[in-house]
Amino acid sequence: MNNGRLLAIVIAAATVALIVVGTVWPVPSAKAMAGSGASLLRSSSSPQAAVENLAAEIGRQAWGNAYSSLANKSEFTEIEFVRDLTGSYPSLRTYATLDSFDLRPLHASADEAQIQLKLRWSTVVGAFLDTRELRVVRTGDRWGVVWPIVKEPRVPPQVIPVTYLRWDVIYRGAEDDWGSQDVEAPHVRIVDMHPVDRGGGVVIMGELLNEDVVPAFVTVKATLLAKNGSALSTEDSFDKISHILLPKQVTPFLIAFHDVALSEVDSVHMEPSSTLIAASADPVIEIEDQRLSPAPKATLNGKLVNQSGQAVSVAHVLGTFYDKNGQLIWVADQYVDRALLPQTPVAFAMSVPADIAVKVSSERAITTTYSSGRFQ
Amino acid sequence: MKPPLFIVCSLFAAMFAMGSDPPAVRVEPADSVGPRRLEKQTETAVIRDYLQAWGSFSGAFAQNRVDLLDRDFTGTAKEKLADTIREQAKLGIHTRYRDTAHDLQLVFYSPEGLSIQLVDTVEYDVQIIDGQKIQTTQHVRARYVAVLTPTEVRWKVRIFQAESE
Amino acid sequence: MKSRFTFLLSGLVLAAMPPTLAQTSGLRLPKTVEAGSAFSIQSSGTGKAVLYIVGPGQALRRDVRLGETTFFAPGDLHNAGRYVVALVGDASTEDGAFDVIAASPPVALSFLAKPSRLAVNLHEGISGVVYVFDTFQNLVLTPAQVSFQLSGIAGAVQTRTALTRIGVAWTKMNSAAKEGASQFVARVGDAASTRVIQQVPGDACHLRMSARPSGERLAVETEPVRDCSGNALPDGTIVTFTETYKGSESTVDVPLKRGVARTDMPAYSGAKISVATGVLIGNEIRWDK
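Residue numbers (my numbering), protein chains in the order written: chain Z, 829 to 1204; chain X, 216 to 380; chain F, 37 to 325.
In case anyone wonders, no lab produced these hints; they're calculated from the structure. None of these values were measured; they are calculated from a predicted model. One thing to keep in mind: the hints can contain errors.
What follows is a list of derived Cβ distance ranges for each label pair [what the hints assert, rightly or not]:
id: 1; chain 1: F; residue 1: Glu259; chain 2: Z; residue 2: Gly1001; range: 25 to 35 Å
id: 2; chain 1: Z; residue 1: Gln889; chain 2: F; residue 2: Gln219; range: 51 to 61 Å
id: 3; chain 1: Z; residue 1: Asp1094; chain 2: X; residue 2: Pro244; range: 37 to 47 Å
id: 4; chain 1: Z; residue 1: Val974; chain 2: F; residue 2: Glu259; range: 35 to 45 Å
id: 5; chain 1: Z; residue 1: Val1011; chain 2: F; residue 2: Asp239; range: 37 to 47 Å
id: 6; chain 1: X; residue 1: Asp282; chain 2: F; residue 2: Ala109; range: 44 to 54 Å
id: 7; chain 1: Z; residue 1: Asp1094; chain 2: F; residue 2: Val315; range: 38 to 48 Å
id: 8; chain 1: Z; residue 1: Pro985; chain 2: F; residue 2: Leu158; range: 49 to 59 Å
id: 9; chain 1: F; residue 1: Leu158; chain 2: Z; residue 2: Gly954; range: 29 to 39 Å
id: 10; chain 1: Z; residue 1: Val1011; chain 2: F; residue 2: Leu316; range: 17 to 27 Å
id: 11; chain 1: F; residue 1: Gln219; chain 2: Z; residue 2: Asp1064; range: 31 to 41 Å
id: 12; chain 1: F; residue 1: Leu316; chain 2: Z; residue 2: Ser950; range: 36 to 46 Å
id: 13; chain 1: F; residue 1: Val315; chain 2: Z; residue 2: Thr843; range: 50 to 60 Å
id: 14; chain 1: F; residue 1: Asp112; chain 2: X; residue 2: Pro244; range: 51 to 61 Å
In silico lysine-lysine, DSSO-like type, Cα no more than 30 Å apart, as pairs [unchecked claim]:
id: 15; chain 1: X; residue 1: Lys305; chain 2: X; residue 2: Lys348
id: 16; chain 1: Z; residue 1: Lys1125; chain 2: Z; residue 2: Lys979
id: 17; chain 1: X; residue 1: Lys293; chain 2: X; residue 2: Lys255
id: 18; chain 1: Z; residue 1: Lys901; chain 2: Z; residue 2: Lys1068
id: 19; chain 1: Z; residue 1: Lys1125; chain 2: F; residue 2: Lys282
id: 20; chain 1: F; residue 1: Lys84; chain 2: F; residue 2: Lys214
id: 21; chain 1: X; residue 1: Lys305; chain 2: Z; residue 2: Lys1055
id: 22; chain 1: Z; residue 1: Lys1055; chain 2: Z; residue 2: Lys1068
id: 23; chain 1: F; residue 1: Lys208; chain 2: X; residue 2: Lys348
id: 24; chain 1: Z; residue 1: Lys1187; chain 2: Z; residue 2: Lys1152
id: 25; chain 1: X; residue 1: Lys293; chain 2: F; residue 2: Lys214
id: 26; chain 1: Z; residue 1: Lys1187; chain 2: F; residue 2: Lys150
id: 27; chain 1: Z; residue 1: Lys1068; chain 2: Z; residue 2: Lys946
id: 28; chain 1: X; residue 1: Lys305; chain 2: F; residue 2: Lys67
id: 29; chain 1: Z; residue 1: Lys1049; chain 2: F; residue 2: Lys308
id: 30; chain 1: X; residue 1: Lys305; chain 2: F; residue 2: Lys84
id: 31; chain 1: X; residue 1: Lys293; chain 2: F; residue 2: Lys282
id: 32; chain 1: F; residue 1: Lys67; chain 2: X; residue 2: Lys348
id: 33; chain 1: Z; residue 1: Lys1131; chain 2: F; residue 2: Lys214
id: 34; chain 1: Z; residue 1: Lys1131; chain 2: F; residue 2: Lys293
id: 35; chain 1: Z; residue 1: Lys1187; chain 2: F; residue 2: Lys325
id: 36; chain 1: F; residue 1: Lys308; chain 2: X; residue 2: Lys255
id: 37; chain 1: Z; residue 1: Lys946; chain 2: Z; residue 2: Lys1049
id: 38; chain 1: F; residue 1: Lys282; chain 2: F; residue 2: Lys214
id: 39; chain 1: F; residue 1: Lys84; chain 2: F; residue 2: Lys150
id: 40; chain 1: X; residue 1: Lys305; chain 2: X; residue 2: Lys293
Note that CB positions come from ideal geometry on N, CA and C, so glycine has one too.
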């Protein structure tokens, strides 16, 4: 029997064995989140077990069970508990699923313990972390979690007139004569472009301006060209850009190339593209109190305030960072997991690499928003 | 059919089918084309695409295949040629067009660059075949007016019409 | 070498042909037919024959009796072009050709107008091109008068006329001095086509803002934002207000509404507020109250 065949047999056997082990002896969180059986693997006879059980129930979206297990459930209703985790209004939280969780015991005594619970939620735009410092108390022979409820503010009923401009586009129809051409695409221009070596690859950062008087849906594609003129790689900005640009609005963009060294690149061919799109000038989002906290855990912190009347389901914040010469040195982004209610600040914290943060002299943030039923 | 006539028809059919010499092409200098300035590259592309359109047109009419027009024709020209092919098919006839000479002159390039007009004094042979029988072969010299419009990859013929001499 | 052989062969073949194939005296054809109109073809002789009228525009076939006139009704032949005719009888074939010409005057047009938006005050910045057609979508090659008219919200109406040459006419117009949408109309006979041309201001020329207390916050507002010719920038143009205070920054992108941008910002004493739109930076205010 040759070596290749032997290796294939060993791998197949190991795979089968691991599947059997995982099925017969699953880890508690996996079993709980798989929804197998009504009972948990162990009772809440310790602080860790209580927190694990709670997290498992949250992962299975068994809200009734999770709420019942809380030690302080008399302080809030089940609906408030659910809204704390999933949001009152459609947001990223509403459509997120619990991917995994981690516990870190902080302090323990005979009747009380402090445990940090990190819930890792998975969404279509990536994962976000929800960290709670939990107090766990003993009642008789059982431990219960004191849930630190975060009550979402309620916006009182009112009328908020919205008089911002809206653009609609009339396109040519199939029956239109050949001479009836569609309105031209918006004119956009790259006003800054900067390639750097980073993370084993090349990163191209820049800024794109809509210099037209109509809204534009924009993307940027870049092709790295070698010294002999051949194309090394082509990538686009994907979601590291604000795709909707209103007139005279500027967006940063970041395009990442993996496994290409800057030394191999002779030139870069940039292809910004723009399409005419129906759009609205609202919602207007204020970004308050932007502050870059220093390394090692550098973050751009701030608060988003929705100055319009409609709740924003998903807000995407893009940060542009400049050095003391005004040169663009980094672009970062973050999705906010809670809905932006009118006039209600929501905090964000965007990570910045430590080596970049020490060079930052100024920064600028913009937002792209999505409201249920509308993309802006 | 008498034997000599049969031989003659067969010879003519063979000449058509042989894929004989490409047509002789003469292009008038395009210095005075306006109002938009015509780049050499554009001129070359237009002439190339127009001559290829003649090839598509010949093939489509010889085989009564409308799809062969898709690459090189658009708009009214494509609709009219397609209608003619359908008429031919309904009548059970097909026609062979073999262009032998083109004398091209670009006469108009619109200011926004969306259309080019040319005049082509073309000589071609046309054969009418009913069923399997060649009914006639004629040599024609005509002045065609063509308007081409740009698409993503080539210039396509939008107007294709012979002028009365 | 190949073409010489073909030529020699053709010559031999022609010489061997029975003389009747070359004759056209038995077939009487019109020289030209106006598209869509009735016409007739006469033949001589006796017996049955098949008449073919074939061109890129259309293909017709009729069974006819030699010696009689074959009539074609209005609309039978409506696409302009060169048509070859073959009258195929039992003993002989007659050949001919005639032209179908576009009906005159033109009744339809294709109108290309570009660009769909441009800056104000641009000399000959707008172009219009018209191709004229008859009712059967044939290009009308006889000269026809086309009128172009550009009218907008303010300013004089511009009118030009042009004569078609080989079915096409064109013109250039100036963009208006004031921003707004203009109607660009091309007319030939009773047929007309309209395009909308948007005239837009240039980039912002001056950008100034002021600030006043508004409750616990600061209301900042720009003066009407205009280009260097005094045209107001269109509503929806984004103006960015930035406030820096003790190392932190607040920004808000506000669209122009009725020519001005206004918003509320935190009222910190000692804060610096700046304003920008596109690549133009306006004045800066230091709030000390």
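Practice item. Could you tell me which of the hints above the structure violates, numbers in ascending order? Key: Failing hints, ascending: 1, 4, 5, 6, 7, 9, 14, 18, 20, 21, 23, 25, 26, 29, 31, 33, 35, 36, 37, 38 and 39.
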